[in-house]
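**Q** This is what each chain is made of:
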Amino acid sequence: MTNPGDVGHGRDEADGETVSPSRRRFLSRGTALVGGAMAGGLAAETALADDPNGPPHIPEWMKAPGADTGAQPYGTPSPFEKHVVKNIPKSLKQYTSASVRTPLQDLDGIITPNGLFYERHHGGVPEIDPAQHRLMVHGLVERPLVLTMDDIRRFPSESHVYFLECSGNPDFKAIHAGKTASDLVGLVSCAEWTGVRLKTVLEEAGLKPGAKWVVAEGADAAALTRSIPIEKCLDDALLVYSQNGERLRPQQGYPLRVFLPGFEGNMSVKWLRRLNVTDEPAYSREETSKYTDLMPDGTARQFTFMMEAKSIITRPSGTQRVGRGFNEITGIAWSGRGKIARVEVSVDDGKTWQDAGLQAPVLNKALTRFRLPWSWTGEPVIIQSRATDETGYVQPSFDALTKARGMNSFYHDNAVIPWRIAVSGEVSNGYPKA
Amino acid sequence: MAIRRLEIAAALILALAGSAQAEGRYGLGRPASEAEIAAWNIDIDREGKKLPAGSGSVAHGREVFGAQCASCHGEKGEGGLGDKLVGGKGTLASAKPVKTVGSYWPYAPTLFDYVHRAMPMNAPQSLSNDDVYAVVGYLLNLNGLVADDAVLDAHSLSAVRMPNRDGFVPDPRPDVR
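First to last, the sequence lines map onto chains B and P. Sequential numbering of the first sequence, starting at 1, is according to our numbering. Sequential numbering of the second sequence, starting at 1001, is according to our numbering.
Next comes chain P alone, as it looks inside the complex (with noise of 0.2 Å):
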């Protein structure tokens, strides 16, 4: 009888044990299904890996800027009421640095994380990853990373590296005393 006794509190002290893997401390929310999940995580690392399907060209590219983003960002990227996207080479040191997808930005898969998910401005996550593509390989074919005939895709895309990449540094503070 008291070994019976202590079996069944051993089975309970394992079906605890399992709900409690099933299930958090205060057993609040549903679980979130894959489907659900790959829905909504939109996050692409820096170095690619996890950029989508899809392709598109520097030439195609160059059309979509044209009718999305160029208003606030100038035909070629000069800048406008959006920030200045091209140039800027070799200023980051100088008194006056521009900084710009081509100077500054370390990861060229961060382009297409941040036009997918936030660009064009008014109307955010409207372009098909295709036109992501194209967008983003005509940014870096302005800044002269990638060629007039380049199609850009998610190996294409990991692949370009950013004249910064190296350029930034852990934070030293506090650093004034």
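Excised from the complex, chain B in its bound form (with noise of 0.2 Å):
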């Protein structure tokens, strides 16, 4: 098992023969000055036409004073990174109920920016003034309760960084058809989510005996109505109101919402407005008719709350183009059940594994940036990821998954994401196509 934080120390399993580091490094380092030589050579007879603001010229952002201090009251990145945005399908039958995804291949590291985080709405965004929103906690309770934000604000409360992600990403028909790492997986996000435990809240409404489910209710225009055992209501379960520590965007539910470590994403009902505690689940539309996995018999699966291990390489991934040479090889893993242990990487389209290199520290339910340094000999590749949680599950292949599912169970699709690299350095999907 690859130590947290011992970025780019790997073992060739088809052999078994360890590679070190330090052997690893000298490799790519060769390769890499070769490339680098080359590039120099060209760079230095062009650099004085193309080049204006590099040596020997002086800068023209140091000749003259920048923006005022605080000219921006909210900070916004930088014109040049306009194009690292959420990706919006161009032309969906509607806007009210669809989802938008977070441009993963565009980001580093496990945080999700706050305005980059992945949206998926049933009923559109409203906007609610939190003064006049309300938490009503009923059911199979010993004190209904009607709570304000600020009473909400007032309980004890807790800081976690957790994945998020939606349970059809991608629908397993869609996966040929992806042409970014975000087309594929971008219904995944990351955040360190503020609020308080959803036990703390019952318990101040107290249960009573029999209290088996709670059923939270969206205060959006479809209401959205899930259930949630209470065994995860008294386990990890938030109520949370900050999101990277600021308050929630209304896009994540302002001003608050359920808050569910490792399960679909709409389980974590936003712009939380109701608790209704109860013996049975609601059975509700997004229980039974949707967010239900349809298996080949034509029996389909209910209450498929866990989102199981999963790891995508955002760079290089689909629509980007590698160069010889030294490559790192970087991607995201995250796993519903726990702590990812393990990601391997294959650059071979399958045949070996190598251990990559988990960036520290690796929290439970949250994800995890794993890198492998790799150098391409601009022969055509596929290279892919697959991880393996603290429980010992290991991510499937699309093939295994398909063989226990079939094609038309929609959602919590896992499977092994690969990338296929042409001569020309192209990055593409890398599954077969359909």
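Note that these hints are calculated values from the structure, not bench results. Model, not experiment: these values are computed from the prediction. For every residue, glycine included, the Cβ atom is placed at its ideal position computed from N, Cα and C. Check before you lean on any hint, since a few could be wrong.
[Said to hold, decoys possible] Computed cross-link-like contacts, DSBU-like style, restricted to lysine-lysine with a CA-CA straight-line distance of at most 35 Å:
| id | chain 1 | residue 1 | chain 2 | residue 2 |
| --- | --- | --- | --- | --- |
| 1 | P | K1096 | B | K179 |
| 2 | P | K1096 | B | K403 |
| 3 | B | K433 | P | K1049 |
| 4 | P | K1050 | B | K232 |
[Unchecked claim] Residues on chain B that point at chain P, a partial pick, calculated with CB under 8 Å:
| id | residue |
| --- | --- |
| 5 | S91 |
| 6 | Y95 |
| 7 | H138 |
| 8 | A404 |
Grab the two chains, each in its own frame, and use the hints to assemble them into the complex.
**A** Structure (structure tokens):
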């Protein structure tokens, strides 16, 4: 198993030979130097003409004072980063019940900026005045309560870094079509969440015997309703009001949402207005007609909460281009069941696998960044990653997954995602064409 | 004197226990009244025990559907901007399953719950209970599950047995190793 933080150490499984990090670095650097020398010669010739702010010139942004301090009361990214935006499908039938994706291939680390967090709404994004927002807790409780946002913020608070992932990320039938990492699995994001334990609020109301489920309802136009098993409610479930230090964005449930670490995203009900403690699930539309997984025999799996272990290489990934020589392969891995224990990377179409380094700290039910130093020889290759979580569960291949579940279950596709690198260096979706 | 003190201590403990019963550990929030809960609690269970008073005919449902729903779901629930609501019977185990109210939804009262809380998409919670019963009746009729002259209410809607009622199974994952 790879030691968290021991970035770059790997073992080649095919022959069992352990390649030391220093030896790998030496090999990689040798290749990089050859490429670098060539690039350097070219650069020198074109520098004067095409590099007006490079040496020997003084960069123009040094010749006059920059923008005023505080010119932006709420800071935004550099204009040169304006292409890094949510991945919004162009021609949906409607945008009220729809989803948009995080541009995973443009991001580093494990924290998703709030403005790039994926969205999935069922009745649009409501604009809620927190002063007028109320949470009602009722049903099988001793003391039915109405809570204001001020009340909720007075409870003891906690902060945790957790991923959130839409259950359909992607549809089994969409895997051949996705061009970028975002197209394929952009309905996953990760943030630091702050709020109160759901358990604390339920205990404030006092659970009655027989309380087995909590039905959460949103204050959106869908009044979205999901049933949460009481075990999860009393475990790590949160009522969240802040994300990455600031109040939730409207798209993430402002002013209050449920957060169920590791469970499919739609259960973390946004714009939370009501918790109904019950003895059985609501069997709402969102847990019968939708978010149930149809099997080849015509039965459908219900209450499929867990988001199982998954990973994807985000660089190099689809629509990017790699150059010969040194390239760092990097990506993200996550599991709803806990911590990521291992990420393996194959650079030979799955024939052999080697351990990637995991960036410390490796957090429970959070994205984990993995990296593997690699040198591309210019041959066409297929690269892919495979995650294992702390329970020993290994991310399956698409073939293994569809063998068990067929092609019509729509939700919970956590298959390995291959990228094809052509002789040109162009990277594209590595799934065989349908 | 000592006994008196003990009595006071006992009374205090009882009072504390009593207040713990009356309010939670942090004393936050205010009590929700029965009327407030009744006004906000729109959850309908799968057996239909919580269905409200009111009724609506299939014939009236056709009118309401035409005015409120057809622009997205089609005149006969064939789908469009919104989901297809009719048909698909016997397709669930095929290569191209068609999941509709008739072929997939397991419980008829859930239709009331969903139409009432979320439809029509441009004006949710605007239909009267009578109109919701009527629209639900029309959808069930289009799927061949109630007669043309049916009138739906709490009793008759609860009595409708959906074809896919027993089609759901628990989550067996991890199922792939």
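**Q** Work down the list of hints and note, for each, if the structure agrees.
**A** Outcome of the hint check:
no., hint, verdict
1, P/K1096 / B/K179, "holds, 25 Å"
2, P/K1096 / B/K403, "holds, 17 Å"
3, B/K433 / P/K1049, "violated, 50 Å"
4, P/K1050 / B/K232, "holds, 26 Å"
5, S91, "violated, 13 Å"
6, Y95, "violated, 11 Å"
7, H138, "holds, 5 Å"
8, A404, "holds, 5 Å"
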